[in-house]
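Protein chains in written order, with this note's numbering: chain V, 8 to 169; chain L, 8 to 169; chain D, 8 to 169; chain Y, 8 to 169; chain A, 8 to 169; chain Z, 8 to 169.
Just so you know, the hints here were simulated from the structure itself, not pulled from any lab data. Fair warning: there could be bad hints in the mix.
Claimed, not checked - With a straight-line cut-off of 25 Å between C-alpha atoms, the simulated DMTMM-like cross-links for lysine to aspartate or glutamate are: (1) Lys15(V) with Asp108(Z); (2) Lys87(A) with Glu161(Y); (3) Lys87(Z) with Asp70(A); (4) Lys87(L) with Asp73(D).
Just so you know, these numbers come straight off a predicted model, no measurement behind them.
Protein chains: 6
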Amino acid sequence: MSRKAGGKHVSVSQMTTVRLMMPTDGNVLGNVFGGAIMRYMDEVAGIVAFHHARKNVVTASIDRMDFYAPVYVGNLLILKAAVNYVGKTSMEVGVRIEAEDPLTGTTAHTGSCYLTFVALDGNGRPSPVEPVIPVTADEKRRFREALTRRRMREATLGRKKE
Amino acid sequence: MSRKAGGKHVSVSQMTTVRLMMPTDGNVLGNVFGGAIMRYMDEVAGIVAFHHARKNVVTASIDRMDFYAPVYVGNLLILKAAVNYVGKTSMEVGVRIEAEDPLTGTTAHTGSCYLTFVALDGNGRPSPVEPVIPVTADEKRRFREALTRRRMREATLGRKKE
Amino acid sequence: MSRKAGGKHVSVSQMTTVRLMMPTDGNVLGNVFGGAIMRYMDEVAGIVAFHHARKNVVTASIDRMDFYAPVYVGNLLILKAAVNYVGKTSMEVGVRIEAEDPLTGTTAHTGSCYLTFVALDGNGRPSPVEPVIPVTADEKRRFREALTRRRMREATLGRKKE
Amino acid sequence: MSRKAGGKHVSVSQMTTVRLMMPTDGNVLGNVFGGAIMRYMDEVAGIVAFHHARKNVVTASIDRMDFYAPVYVGNLLILKAAVNYVGKTSMEVGVRIEAEDPLTGTTAHTGSCYLTFVALDGNGRPSPVEPVIPVTADEKRRFREALTRRRMREATLGRKKE
Amino acid sequence: MSRKAGGKHVSVSQMTTVRLMMPTDGNVLGNVFGGAIMRYMDEVAGIVAFHHARKNVVTASIDRMDFYAPVYVGNLLILKAAVNYVGKTSMEVGVRIEAEDPLTGTTAHTGSCYLTFVALDGNGRPSPVEPVIPVTADEKRRFREALTRRRMREATLGRKKE
Amino acid sequence: MSRKAGGKHVSVSQMTTVRLMMPTDGNVLGNVFGGAIMRYMDEVAGIVAFHHARKNVVTASIDRMDFYAPVYVGNLLILKAAVNYVGKTSMEVGVRIEAEDPLTGTTAHTGSCYLTFVALDGNGRPSPVEPVIPVTADEKRRFREALTRRRMREATLGRKKE
């Protein structure tokens, strides 16, 4: 996989967003639906991928997500998203989700997830993306781990996916 | 893991639902968001788990999902969901998602996913669920595969999750 | 009214869909609005008509509907819809609506309704629809009753509506 | 059916409301769904019934509605609603719906409909409603026609519904 | 600022609209968000401006708004809007907002606000608007006050804004 | 107005949030409604005030807002909010809003606004808020300007509002 010269820093597109959980996000007991959380996660991760690629993106895959703790209507959902790794036309975005009780300030780790987006050109076909440049130790670790995940998946599939 | 006598057939709670994809489900180019699809998937799978358990349920985990083909605003999303396996207080629900162009009747396989739900008692604590009884060859295969997934996860985690 | 050869079975397009009633569907006491139920009913019936005609459809009329029992936020709305009768460019779709308390499994008959849809061509003008073939005794009875309704309406109006 | 002394004029609760039709109200071609129109109609009629009764109300029935002309996303939906008739615990509300192209000011009669609401006491049981006093010739005609509709329905049903 | 001959009366476009406050409009305690009220206010004022201009309009400014009293989910929001003043391509619309408890009929003045809209031609550029003709004493006072506000703003800005 | 010892830094509660503008946020031409922008602005500002006060808050007033540039469906709305000033029970939050075309990365200043929130205790009555501590030169300037606005308003009203 050849690399274009240049590339963008992770910090250019990374983002933290906060959403107030509303009655439409949960059941009658006030538990926010897992699917509602994934809807917000995909929106935020998609904005990060769009910001990195400056091209339209579509979700290609969403990795396993475990919900460690319940989220309630009235909580604030805090979503922290950054580009971990960039392939030729795809990007892995990592999202960490926390739920905060705004009255107490207590936050709980709801879950974390990796999403893969593919950049599209004007005809809706996969289109090259500028590389990402990890700078901090954390960014470099996430880059390496994403690369490992990618290689394991390719090995499992017995074929290159891009 | 002990079993209560009895149990319910897969067919009692399995369900097919169809949803028309609306402008709020997609971007300005008409691509339905992966997160919107997962929102609908979690709702349908949650109803199936609720129907099996006859108790409130919350999403504990959502497995990796690959989106094989784009879904467009104006398509019909067809969601087929069934209980694959039941643990002591948890259920694995499998969902197969197809997108249909209602003008031509052409359908494409959008993706498939496994979701785990935990049943809750009136105090919001995990609560026992009746076993599921697989009857057809397909149901038995899905039961075995879900059990394998569960054991692999437990091995990976080095601890029993339930 | 001439018939094209062929036609489609009722079973090809008939559909059962389930929707979880959300806080936005009802008033502050938790009663689901009659209008919210009709919104879901029209959507499901429209999908059935679309599936039969494989053409865009618009609602031409909705028959009287009596709400036999209250529906509450948190209930599951079960909508069963099928094509009863097909005219030259229009279709009558019958919908039976039940509400289920998902905790107990108790269902109540909310109401039943007949909707007429007109198929449209690419210019938005009424366009011919393939006939429907009733097979079971129930389907044949619903076909005859729909035809009777149609004739009574034409007699009342003193003109053929199609 | 005994009457309480007094009563309220039709004009006290009658109402005209205007709603801008949004992309979520229609299909991808821009046709507003019949069910979306009925959702708005039921909301407006319910407010009129609530204003007359000063008690919570639920929709008991919605009469046949014919859609005379298409409504498009971007149109203004004009809903004119008034109490036609009051039984012991129920009210018939009539709604006339027009669609306006806001650029040209052209309006078309979309349809008209009668809805019956039942007033509820604090325990959710039918509760007496103050009579309505028709004053104008139109109000008196609508009162008589509603009474006729009611009697015909009772005759058909072979029983008093209230 | 030259005037076209003719013009339209305030009464032609003025409007009163009522909206039921839903769970999505407020927080978990049932307080309707100030922003939700402004969303409804802008929609109603925009319809009034559209009705006066018979051209697409966009919001150019919204004046200071004080919320005098809380509005609760389940309340009816009553919005009274009228064109106060018309510039060459802009219109000031005044809105008075009241909240009503539908059970008691008690209304409270929530707040009042002035919004300025600009009419657009087919290319999205400001486009001339017919003058407004104030007739009643109230309409004439509101016209004068709007003109004063406009002149003060122009003085403050040290430039003509239209 | 006495001050409690301590207080919180502006940086503790300040926040930047990004929202993708959807078809429901705008008209059929794709112009996002001014009211939709104010809805998002009030939500974000309310979260900032909630974070500072750690008490429920309600919007007491929203200052004049001028929309400098159009926002389109498909744009990203970037909202930057911080507490400018804290009174005894109220907080002024300033919000700067930009719109970004995600394809080009071009951003335009949509507008800026000041919102006042009042903190409430468990009985819904105004409740004391910890002071805010401006640190940077910008924070100190915004604090002074907010204080000036407050004094001018009190002078105009001829009474202290808190």
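Hints, one by one, checked against the model:
Between Lys15(V) and Asp108(Z) the alpha-carbon distance is near 18 Å, which keeps this suggested pair within the 25 Å criterion. Distance restraint check for Lys87(A) and Glu161(Y): the Cα-Cα separation of roughly 41 Å exceeds the 25 Å cut-off, and the hinted pair is therefore not satisfied. In summary, the hint linking Lys87(Z) to Asp70(A) is supported, as the alpha carbons are separated by about 21 Å, within the 25 Å threshold. A C-alpha spacing of about 31 Å is found between Lys87(L) and Asp73(D), which places the hinted pair above 25 Å, so the restraint is violated.
In the structure shown, a violation is registered for the earlier hints numbered 2 and 4, in ascending order.
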